[in-house]
Every structure is written in C-alpha cells, then in structure tokens.
Amino acid sequence: MKKVGVFSVKSYNKDHVKFAYTALLPIFGLFFIFRIWPILESFRLSFTNHSIVSTKYSYIGFQNYINMLSNDQDFRISLINTLLFATLITIAVIFLALAITLVMDRRKIINIGLLQSLFFLPVVISVVPSAIIWKWMYDPQYGIFNYVLSFFGIGSVGWLVDKRYSMYSIILFVVWKWLGYFIVIFWVGLKGIPGLYIEAAKIDGADDWQIIRSIILPLLKPIMFFSLFLATIRGFTIFSEVYVMTVGSQGAPGNIVKVLTYDIYERAFLYYKTGQANTEGVILFLIVLGLTIIQGKMLGKGE
Amino acid sequence: MMTKTKLRFNLTDLIYNILLYLLAAAMIFPFIWMVSTSLKLPQHILLWPPQVFPKVFTLANYQEVFQKADMMRYFYNTLRFTLVSTICIVFTSSLMGYIFSKYWFPFKKPMFLIIISTMMIPFQCYMVPLYMMMARIHTVDTYLGLQLPYLVQALGIFFMRQNFESLPDEYLEAARIEGASEWRIFFSIAVPNCRSALGGLSIFVVSIIWGNLIWPLIITSSDKNFVLELGLTNFQQLYTVDYGLFTAAATMAIIPVIIFFIIFRRQIMEGITLSGTK
Chain A
1 MKKVGVFSVK SYNKDHVKFA YTALLPIFGL FFIFRIWPIL ESFRLSFTNH SIVSTKYSYI
61 GFQNYINMLS NDQDFRISLI NTLLFATLIT IAVIFLALAI TLVMDRRKII NIGLLQSLFF
121 LPVVISVVPS AIIWKWMYDP QYGIFNYVLS FFGIGSVGWL VDKRYSMYSI ILFVVWKWLG
181 YFIVIFWVGL KGIPGLYIEA AKIDGADDWQ IIRSIILPLL KPIMFFSLFL ATIRGFTIFS
241 EVYVMTVGSQ GAPGNIVKVL TYDIYERAFL YYKTGQANTE GVILFLIVLG LTIIQGKMLG
301 KGE
Chain B
304 MMTKTKLRFN LTDLIYNILL YLLAAAMIFP FIWMVSTSLK LPQHILLWPP QVFPKVFTLA
364 NYQEVFQKAD MMRYFYNTLR FTLVSTICIV FTSSLMGYIF SKYWFPFKKP MFLIIISTMM
424 IPFQCYMVPL YMMMARIHTV DTYLGLQLPY LVQALGIFFM RQNFESLPDE YLEAARIEGA
484 SEWRIFFSIA VPNCRSALGG LSIFVVSIIW GNLIWPLIIT SSDKNFVLEL GLTNFQQLYT
544 VDYGLFTAAA TMAIIPVIIF FIIFRRQIME GITLSGTK
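In order, the protein sequences belong to chains A and B.
For the first sequence, our numbering assigns the number 1 to the initial residue and increments by one for each residue that follows.
For the second sequence, our numbering assigns the number 304 to the initial residue and increments by one for each residue that follows.
Everything labelled a hint here was simulated from the structure, so no lab data went into it.
Pairs of lysine-lysine residues, derived as DSS-like cross-links and limited to a Cα-Cα distance of at most 25 Å, are as follows:
1) B:Lys411 to A:Lys18
2) A:Lys221 to A:Lys202
3) A:Lys14 to B:Lys405
4) A:Lys191 to A:Lys202
5) B:Lys371 to B:Lys527
6) A:Lys18 to B:Lys412
7) A:Lys14 to B:Lys411
8) B:Lys412 to A:Lys14
9) A:Lys108 to A:Lys202
10) A:Lys297 to A:Lys221
11) B:Lys412 to A:Lys297
12) A:Lys191 to A:Lys221
13) A:Lys18 to B:Lys405
14) A:Lys108 to A:Lys191
15) A:Lys273 to A:Lys56
Chain B regions said to be covered by chain A (calculated; three or more residues, Cβ under 8 Å):
16) 319 to 331
17) 388 to 400
18) 416 to 423
19) 449 to 455
Every residue, glycine too, gets a C-beta built ideally from N, C-alpha and C.
Chain B on its own, in the form it takes in the complex (with noise of 0.2 Å):
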C-alpha cells in the first residue's frame, strides 16, 4: 500500500475520512453485534434498546452449542475436506498447467481448450447430473461423494499454465543434460520456481472450498458427514429463534477464518484477480 508522508488535511478530507471510517465501521458492526450476541444471557439478549456491550458476559451459549450440535465434527469435517481438495487441486492444477506450458504432444491443444472450456459453464448447471452420477457408483451421504468433484479445477490449471509460461526453458534443458529425469524436473526445478503462484492458488482453492455450500447441501444428508456450513444452516433452522445460540455456533465458524485472513491478508486481496470466475 502507498504511504503518505505529507498529510496535510484540509476540511473535505476530513469529511471523507469520516465518512469511509463510518461505513467502515458498518460493514464490520454485523460481526461486532453477533459476538456481543453470543455472549449474552438469554434474558439480556432481547433487552430493548439492544444493548452493544453484554451487561454480564457469559460463555453458557457456547456451552449450549456444544451439546446439541456435533460441532467439532463439523470442523473435521470442513477441514478434512478443505485440505485434500487444496492439496488436489493444487497438485493436479500444477502438473497440468507444467505440461500444457512446457510440453509439445499431439491433442494438446483441443485437450487444452476443452479444459478452458468447461470454465464458464457455472456449477449449478451441470450440479444435479453430477449428483446422479455419484448416486450411480453409490457415494451419496458419503464423504468420497462430496470429494471427488473437488480434485481438479480448470481455473487452477489455466492460472498455473500463465505461471510456468514465465519459467525460462534454459533452466529445464540444463536439468535435463544433467540427466534428470521429466519428472525430478518438474518437482526439483518447476516446482520451487512458480512457490509464489502456488500460494496464491492454495488460498484461492482454501476460500473457495471453505464456504462451498451448494455441493454439500446437495450430496450429504445426515448429520454426521455435515460440514460447517450445512451444519450451521440446520442447527439455525432447528433453534430459530435462539439467537445466542446460533450466533455463538457462527461466531465459532469464523474464528478460523478470520485467524487466516489475518495471516494471509496481503495474499488474499492481491490475489482477488485470479477468482475473476468464481
């Protein structure tokens, strides 16, 4: 970000800032009122006026969340799911991307195009011939019906073929006089170079798997192979009216997604361009 070192305000800046501080502070207030929520006695939580600061702050919703909802489950779950499709994803993107940048074989092209192809046409159009087909090999409610759609991703592999297109042919052909083999290559040379575009890509794939909702509310339907989204959508429905509870439950949803973006801000924000699809 540029710093400004000269900061002389005149009354119009002043206003501005003012002004984009305060809808600032709007766009963050939901969360602010949901962990203020949470952490209210249920007999404060409907107080009128609502109240921004608890009176007595109590962690009994959070308790509460606990024992009627499997949400530790519910974070396995979503994590186990996060990391084998980042981990995919990123590898599979990877070698292909290395392949269609660097090799020369016959049907690269049209094979190449029908990848790209496949990038514009939304999940939700081919969602449901999906789902019969995992009801055909028997993977509905299972987890291997929800993670199998999730181990290759066109747009990873077009982002990491523009990432190796930048990688110098020298350094490939050098390895290759030395006698390495294709793929000592790719994972020894092609690899380490393109580290960056592979961060940016797993934080991409991390986002995007986190908060899916549409793929699990289709294929799982019993309790125990929810993940944190679909967990959360029926825990609010089932108590919709106990407002400290279900916003403890989202306020434990985000703990971890905050602690990331926090890590990763930088990343997250510069890398927006590469989601253009999504």
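Bound-form chain A, shown alone (with noise of 0.2 Å):
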C-alpha cells in the first residue's frame, strides 16, 4: 500500500480498497444525511420565501439577504446583542483566567489542583440547572445579590427583569460558566513554557512581572490567539445560557437580550419563516467563516 497519485489505480491495494469502502460508506452515509445535507439545504432555502407551513415556496434570489441587512429590526438587534455578548464575554473571561492562572503559576499556591477543580465545576454542571440556580440568585425580591446590595444600602435590582441590566447579568452568568475552561486551557499553556527560560531569567534578576511580559506573555501568544476565537466564535454561537435565563421574556418588547441563534429559532419555529431563518443561520455562518479565516492567519504569524 505505497501512497501513489490518483491516476495509478492499479497500486491500490484490492483487499484494503473493498474493507475501507465497505465500513466507511454506510457511516458517510449517515454523514452526508445528517450534516452534508442539511447544510447544503440551509444555503439552498435561504434564497427562497419557504414557510415550514405550506408546500409551495419560490426562489427570491437575494431579497432574503437583502431585506435582512437593510430594514430588518429584529436581525439588528440581534445582530447588535450577540455582538456585544462575544464581545464582553471573550474580554471579561479571557482577562480573568489569564490574571488567575498567572496567580496561580508565579506564587505559591497551595492545591492547585483542587483550586482549578473548584473553577472547572461550573464548566462541568450543564447549562440549565446552572442557570435555574442564577435566576433564583437574581431573584429582583429575594434574590441573594440583592441581600448583597442592601448592605451598601442599594435598593433591589431587577437583575434579569430591567433593561438596564439583563443583558450584564447574563454576561456574568456566561463568564462564571466558561471561565474554568479557559483556566485549563491557559495552565496547560503556561505549563508548556520551558522553566529553563524563567530560571534564566530569575538569574539575571528579572522580577515577576518582567518574567511575565517579556517572557510568557510572547509564549503563550499562540494559546492567547485560540482562545479568543474559540471563546469569540462560542459568544457569537452562544444559544442555551441566554434561552434559559430568559426564557418567557425573549420575545417581550424591546427584545433587549435577543440572539442571532435565538432569532433563529424564532423566526423557523414561532413565525414558521423557514426561508428567512436559513439566510440568518448562513449570515452566522459567514461570520464564524470569517473568524476562523482571521484566526488561522494570525496563528501563521504567530509561529
């Protein structure tokens, strides 16, 4: 089985084409169903005025789009919502893990095992018992941050109810979440860094913070990149932390917490607009396109 161009057929081996072709179609197969299929159809529909109620439906070109992007209150706010949530999550939650994993690797810290277990716990608990306990600690009557507040002799706050806040108090919701992970990911980073550098470095009478900027800040550079995308791209993807903190407030006026993924779900299963809703979801797809295309350039000058 010598690797050969596509052109000599003849050196492939038989035994090995037959099991490969045997156990690999049924399972592409399944792929092509299930994911192929299904993406293809979202591009395909998205140029079409195709409710999920009725049969009939045409190709409209590129009004969908156009539409979207011009006059569309909802795909705005939106659009505006999910910018600012990737935005301040990917800020908040990549500033935190770093400053606490530096903590964490410059001191003497003691089970830094457990510490970073005791962070990774909310990453592992998933979203909507996490959530329901939020929403009872955000409760605007008895919620516990509110008790917080009384001692600075701050009246009760409608943490998830006021317009003013809903959209932050989500936000912490989503960094509490995520931010163990991100822990992780920096640690094992951080870890990979040669201690013969630091060392070097102590000998020559750099302080902590100079080990820190002119040493492991460059080498974890690489890390630092793909977490600001995978935390950018989750942000922009972000649908379960919002749908269930919010939910049975999503769709009161002023839409003051609505998402991409949200609008989404709304326009195919509550205004049955499937057409419109494949536009949104290739327009979200165009965006993680985007960032990735960005992130892969930037992790090639990185190296």
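Join the two chains, each given in its own frame, into one complex according to the hints.
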C-alpha cells in the first residue's frame, strides 16, 4: 500500500480498498444525510420564501439577504446583542482566566489541582441547572444578590427583568460558567513553557512582572489567540445560556437580550419563516467562517 | 499536577492564596446555595436575611418534585440518548479515523476534507433544515428523531485519525502475515492500542450530549420524550416562583454529573483541548 498519485489506480491494494469502502460508506452515508445535506439545504433555502407550514415556495434570489441587512429590526437587534455578548464575554473571560493562571503559576499556591477543579465545576454542570440557580440568586425580591447589595444601601435590582441590567447579568453568568475552561487551557499553555527560560531570567535578576511581560506572554501568544477566537465563536453561537436565563421574556417588547441563534429559532419555529431563518443561519455561518479565517492567518503569523 | 515540596510562604503569597480560594468559594457558592434552598421548608426559603444552613432540614421538596414531574422518565431519556450517542459516535469515529489514517483508496482525500470542513459549521446554522428533514421522515417528537443526528461526529473522526497516526504500521502488517482479516485487525489490534484516546473521546461525547438543550428543544414537544435539560426548563417555567421545588429538581439533575466529574476529573480536564471547536 504505497501512497501513489490518483491516476495509478493499479497500485491500490484491492482487499484494502474493499474493506475501506464497506466500512466507510455506511458511515459516510449517515454523515451525508445528517450533516452535509442539511448544510446544503440551508444555503438553498436561504434564497427562497419557504415557510414550514406550506409546501409551495419560490426562489427570490438575494431578497432575504437584502431585506435582512437593510431594514429588519429583529435581525439588527439580535446582531448588536450578539456582538456585545461575544465581545464582552470574551474580554472578561480571557482577562480573568489569564490573571488567575498567572497568579497560580508565579505564586506559591496550595493545592492547585483542587483550586482548578473548583473553578472547573461550573463548566461541567450543564446549562439548565446552572441557570436555574442563577435565576434564583437574581430574584428581584428575595435573591441573594440583592441581599448583598442591601449592605451597601442599594435597593433591589431587577437583574434579569430590568432592561438596563439583563444583558450584563447574563454575561456575568456566562463568565462564571466558562471561566474554568479557559483557566485550564491557559494552564496547559503555561506548563508548556520551558522552565529553563524562566530560571535563566531569574538568575539575571528579572522580577515576576518582567518574566510575565518578556517571556510568558510572548510564548503564550498562540494559546491566547486560540482562546480569543474560541471564546468569540462560542459567544456568537451562544444559545442555551441566554435561552434558559430569559425563557418567558425573550419575546418581550424591546427584545433586549435576543441573540442571533434565538432569532433563527424564533423565525423558524414561532413564525414559520424558514426561508428567512436559513438566511440568518448562513449569515451566522459567514461570520464564524470569517473569524476562523482571521484566526488561521494570525496563528500562522504568530509561529 | 506539580507538587511543590518547599512551601515557604511570604505575605504576598498568603494574600494571593486567600484571594484565589475566596474566588473559588464564590465559584461554587451557587451550588451550595442551590442544595441549601432545596432542603428548606417553604416558609424558610424566602427568609430575610437568607440562611445558608437551613433551620430545619426537609426532603419535602424532593418528594414534591417526583409527584409533579416525571423525573425518572427524564433521567431515562437522557441516559439513553447519552449512552447510544456515545457508543455510536465512538464506534463510527474510531472506524472512520482508522481507515482514513491507515488505508489508501480512491477519493480518500476529498471525503476526508468534506467531513472536516463541516466541523467549523455551528449546529445552529443548519438546525432548521435538519428539523425539516426529520419532519419529512416523520420522526418529529420521537426518540428516533432525537437520536439520529448524533450517530456520527466530524470532530471525533478527526481526533481518532490523529491518534491512529501514531500506531505503527508494522503491527498491522504482522497481523496480516498471520492471516488476520482487516476487521479482526481493527478490533483486536487498532482499537486496544488506542484505548486512552477512546476514553477521552467517550468523556467528551458524554459531556456534549448530556448537556444538549437546543436539539431536544426543537425536536421534542411532549413530556414523555423530554430529556433532563428540557424537562427542567419546562418545570422551572411551570413553577416559576417555587424555588424550593426547582432547586430540588436541579440538584437531582446535577448529582450524576458531579459523580462523573469526581471519577473522571483528570481525564476531563486533560481532554479539554479535544473540545476546542465545540
């Protein structure tokens, strides 16, 4: 089984090809039906006025795209919210995770394994139970957050129901939920830095800040870029966290915390505008694709 | 984890230790608060100031949850969804990964590229056509409809291929000389040699399936088909101010996850890079 060009078919081992195809084709078939086909369909339907409740529809070219980008209030609000979510969550989570891992690394910390597990626990617990607890803590009347505020003489805040705060309340929840994940990623990156470099710098009399600035951060760059884009992409496709925290109030006037994924869901399953929902899905995909391409370029440069 | 033998503390170290452990305590406080609330009598839940330790411990909330929600059904549905998905995805991923890594056949590269390219397309982008397809084959609001999209996973195929790359070809050749069939080689040589990768993949799949909310939310609509995540969401909507009740339900839902985490803590935290694209 030598690796040869496409045209010298003769040198394929017949038995191997037979085995490969018998094993591969059924699985590839599943893959085609449940992944590739729906993806192709979403592109096709994005150019139609398809509705889930009727069988007739027609192709309308780029009309959905034009409408959505020019004067669709729901889309605009969702896009702005999603942008805000993705940006703020990413900044907060990366900054905190980096600060915490650097302290863990540079200082003598007791039982780092235990500490990391505690930070990691919210990552493991699924979204719904976590969101349920936070909703209880955010309760406008009896929530423990308002109890803490009362020490500072601040009256009750409607964390999730008040338009001014609801987005930030959800962001705080998401940061709590994701933080441990990025701590572990940064920790793996930090442990990959050869101790020799740091020892050498210490001998030269460098203090912690200098070591962090001139050795650790530059060597951590690839991991930082990776985390940055991972958090951004996850921020753009966020659904469950926002859905459970706001369920019941998503459709409220003002759509204060509506995100792109929820808007897709709503268009398709509440308003039955499947054509438009697919257009929005394609736009979301293009955003993610753009981010992935930028990431690839930046990672390529960093090395 | 690194063990530091010489722990000579200075004041800054002490302050940083206290800070980090306070922060960690804040991270797990919501869970403590949840368990505490679930064990309180209804009249003690809304007490002001809030009490971390219940005055009177009671299991009444738990009993009531069982009366009002079919928790056992949700558990069963979630367990079935998780187990079947894990077994199927681990099997299909290792077989595909093995073949893409060790065999040479026509159209290998394009097939692999097609699979890998779907990896970066978020599920949310194609969930609507997927639902429509399920509607066409009459599997909406059935277990089958829930299960079918989770038999294969591109990320798993990619991950297993990477792992099979490090399996020496000589092992396979030696078995061939002894007359073993290709299937036998896969099951008795390839798979046992990649056990730790299979373990890592299983844990990853369990974690994404157990916590899956969006697909069950779309595809199932009757209570008997709900998985835990969806059942809880609805339960919380129905009894929106009955905090004792839904914290009890949430506590029940996370117990298996906590046990799973305690057992596989190291593998979960080490396998984290696998889920990079999820």
